[in-house]
Amino acid sequence: MRPDAILQIMSKLLLPFILVFALYVQFHGDYGPGGGFQAGVITAAAVILYAITFGLAPAQRAAPPWIAELMMPTGVLIFTGVGVVSLFKGGNFLNYTVLGHDQVHAQEWGILLVEIGVFVTVAGTMTTIFYAFAGRGR
Amino acid sequence: MMQHLPALQVVLPLLGAVFCAFMPRGAWAGAIALAVSWIMPVISGLLLAQVLQTGVISYHVGGWPPPMGIEYRVDILSAFILMLVSVMGAILMPYARLSVAKEISARNQPYFYCMYLLCMTGLLGITITGDAFNVFVFLEVSSLSTYVLIALGRDRRGLLAAYQYLVIGSIGATLYVIGIGLLYSITGTLNLVDIASKLQTIGATAPVLIALGFLITGISLKLALFPLHVWLPNAYTYAPSVATIFLAGTATKVAVYLLLRIIFTVYGVGTTSDGTPLSDIFIVLSVLAMFGASIVACFQDNVKRMLAYSSVAQIGYITLGIAILNKTGLTGGISHLFNHAIMKAALFMVIGGIFYRIGSANIANLAGIGRRMPLTMAAFVVAGLSIIGAPGTAGFISKWYLVSGAMEKGWWWLGLLIVASSVLSVVYIGRVVEAAYFQTPNGEAEKATDMPASMLLPTLVLAAACIWFGFDTRLTADIAAQAASYLLGGAQ
Chain H
1 MRPDAILQIM
11 SKLLLPFILV
21 FALYVQFHGD
31 YGPGGGFQAG
41 VITAAAVILY
51 AITFGLAPAQ
61 RAAPPWIAEL
71 MMPTGVLIFT
81 GVGVVSLFKG
91 GNFLNYTVLG
101 HDQVHAQEWG
111 ILLVEIGVFV
121 TVAGTMTTIF
131 YAFAGRGR
Chain F
1001 MMQHLPALQV
1011 VLPLLGAVFC
1021 AFMPRGAWAG
1031 AIALAVSWIM
1041 PVISGLLLAQ
1051 VLQTGVISYH
1061 VGGWPPPMGI
1071 EYRVDILSAF
1081 ILMLVSVMGA
1091 ILMPYARLSV
1101 AKEISARNQP
1111 YFYCMYLLCM
1121 TGLLGITITG
1131 DAFNVFVFLE
1141 VSSLSTYVLI
1151 ALGRDRRGLL
1161 AAYQYLVIGS
1171 IGATLYVIGI
1181 GLLYSITGTL
1191 NLVDIASKLQ
1201 TIGATAPVLI
1211 ALGFLITGIS
1221 LKLALFPLHV
1231 WLPNAYTYAP
1241 SVATIFLAGT
1251 ATKVAVYLLL
1261 RIIFTVYGVG
1271 TTSDGTPLSD
1281 IFIVLSVLAM
1291 FGASIVACFQ
1301 DNVKRMLAYS
1311 SVAQIGYITL
1321 GIAILNKTGL
1331 TGGISHLFNH
1341 AIMKAALFMV
1351 IGGIFYRIGS
1361 ANIANLAGIG
1371 RRMPLTMAAF
1381 VVAGLSIIGA
1391 PGTAGFISKW
1401 YLVSGAMEKG
1411 WWWLGLLIVA
1421 SSVLSVVYIG
1431 RVVEAAYFQT
1441 PNGEAEKATD
1451 MPASMLLPTL
1461 VLAAACIWFG
1471 FDTRLTADIA
1481 AQAASYLLGG
1491 AQ
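Here the protein sequences line up with chains H and F, keeping their order.
Heads up, the first sequence stops at 138 in my numbering, and the numbers go up one at a time, no gaps.
Heads up, the second sequence stops at 1492 in my numbering, and the numbers go up one at a time, no gaps.
Just so you know, these hints were derived from the structure itself, not from any lab.
The beta-carbon is built from N, C-alpha and C at its ideal position, and this holds for glycine as well.
Careful: at least some of the hints might be erroneous.
Said to hold, decoys possible - Computed Cβ-Cβ distance ranges for the label pairs, DEER-style:
# : chain 1 : residue 1 : chain 2 : residue 2 : range
1 : F       : Lys1409   : H       : Leu113    : 53 to 59 angstroms
2 : F       : Ile1171   : H       : Leu14     : 51 to 57 angstroms
3 : H       : Leu56     : F       : Val1427   : 41 to 47 angstroms
4 : F       : Ala1464   : H       : His105    : 42 to 48 angstroms
5 : H       : Gly100    : F       : Lys1409   : 31 to 37 angstroms
6 : F       : Ala1378   : H       : Gly135    : 47 to 53 angstroms
7 : H       : Asp30     : F       : Gly1188   : 52 to 58 angstroms
8 : F       : Gly1181   : H       : Gly100    : 44 to 50 angstroms
9 : H       : Ala62     : F       : Ile1281   : 54 to 60 angstroms
Said to hold, decoys possible - Chain H stretches covered by chain F per the calculated footprint, using a threshold of three residues with CB under 8 angstroms from any CB of chain F:
#  : region
10 : 14-27
11 : 80-90
12 : 94-105
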């Protein structure tokens, strides 16, 4: 496939905004629609867009496959880790209340950390699935 | 830490799976899986002891009380199944090391152990949770990891088998969610106990029964009830040996547990037996499974495939016990669930060991193997006798309860059918025994020796358990009887 200048320039312009929007969705998930899953998908979509317009090799230089593969279990580890920490702090599994001084802050921290775990796993998984399909027949 | 045991039961294998995925080498991941698998029975043993002493344990995940939050609920039945699943894992893992090293490429070994622990997480989760939607989540966790387990072997046909199971399994999960969705729209709650109490006031209206239909069909796909079993023979045949052993010993059993939960805890015998032909349908399908699948098993050349069909037949006995709908029959069903897990895992372990030595599971290649691998085949004979239901073996106990359950109802013809179908299992087990002991060895089988000690010991332990539970029924039939009266009594 011949690289198309218009597509490449447009996606270069879009990519930073896509990534910032992913962060917005991630951190605004507590108050509005959004959260780790959606943010992870948007991040992976940025990688996929880059790979489609610039080719697989540059994309894999920017987002190496081994990091994406490592992200899959890491996210689960963060999620379960939050649960285990709340166990050790004397609460039930995934009880956020014990994570901070007052109820509101603790719940916010808990949700945020868990959603970051979801983000990491989803972004890694989506990217890995794309790489697996895109890398076929090479 | 004692009060957190229900959470640890599920979280520990999940954490183990994560660490396995990080490991660069299969052996390290295997060590993690072994450690986790040996801690699991301790936790489930403590849970079972606690339930027997003090009754139902309720654990509120995240500190949110039910029915709002997710509740982990351990009663006598779920503690029994937790025990079964974790003990199977603990016995299987020492066996797994060599078999996995031989059958799975080095790169995929850490993932194999990761998926095994994830599957364990899912199965234990289904058993322990008291939340209908949480059940679905764990159902998907266990199913998705099962598809990977089946496809990870070197046999390319495993991919097709996994894909076939994926399609059918997804249909089953979809039906289950539709059922739960209907129940949620009717009752406004997802907590199983809460649904049950709401349903008592609502009664058996048409939407409630439609939801039951969806749930039963979805779960029946998962437990491979005849004629929804078509995914099972291929999946068991082409999966790596360790995956087959694990699935045969646990996956379908947990699906049966879910069926018991839905029929007895959520709906109650009153609704399911008076309002619907459920019992009749299950009796017909179970008897068809007992005969149809056994007859097909008699004509298989691959022993793994033969045992897979035998599994379909044995699941027929378990569902028959449920369909008889009295305490004795249900006791038979639940204890057969336990006994079948032990004996079928032992049989698959033997075949996995033979495959390890001679690289084939075809009956033609097994000629004379009994003389070359005496201890291995001895385990096969013992577990085979247990499948047949010979007196003095575990299989006899559960079939005895099944026949007495049928007799109590005055269904003597059903008792005869149970005995008659057992004769069919004499034929297919007999074919293997005949080939192994009465033919002269040739080819690879000639220089085979007993499987390595790390594989042989777990197999012999399970074979010994087949005999042990034929005499000592405190752990099987007695607890099964308690669970049966709990299920039947809880609904009245």
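Verification of the hints:
1. F/Lys1409 with H/Leu113: 53 to 59 angstroms: Given about 56 angstroms between the Cβ atoms, the range holds.
2. F/Ile1171 with H/Leu14: 51 to 57 angstroms: violated, 39 angstroms
3. H/Leu56 with F/Val1427: 41 to 47 angstroms: Once the Cβ atoms are compared, 56 angstroms apart, the range 41 to 47 angstroms for F/Val1427 and H/Leu56 is violated.
4. F/Ala1464 with H/His105: 42 to 48 angstroms: violated, 57 angstroms
5. H/Gly100 with F/Lys1409: 31 to 37 angstroms: Given a distance of about 60 angstroms, which is not inside 31 to 37 angstroms, the answer is violated.
6. F/Ala1378 with H/Gly135: 47 to 53 angstroms: At 49 angstroms between Cβs, range holds.
7. H/Asp30 with F/Gly1188: 52 to 58 angstroms: violated, 26 angstroms
8. F/Gly1181 with H/Gly100: 44 to 50 angstroms: With Cβ atoms ~36 angstroms apart, the hint is violated.
9. H/Ala62 with F/Ile1281: 54 to 60 angstroms: About 57 angstroms separates the Cβ atoms of H/Ala62 and F/Ile1281, which means 54 to 60 angstroms holds.
10. 14-27: violated (count 0)
11. 80-90: holds (count 4)
12. 94-105: holds (count 4)
Of the hints listed earlier, those the structure fails to meet are numbers 2, 3, 4, 5, 7, 8, 10, in rising order.
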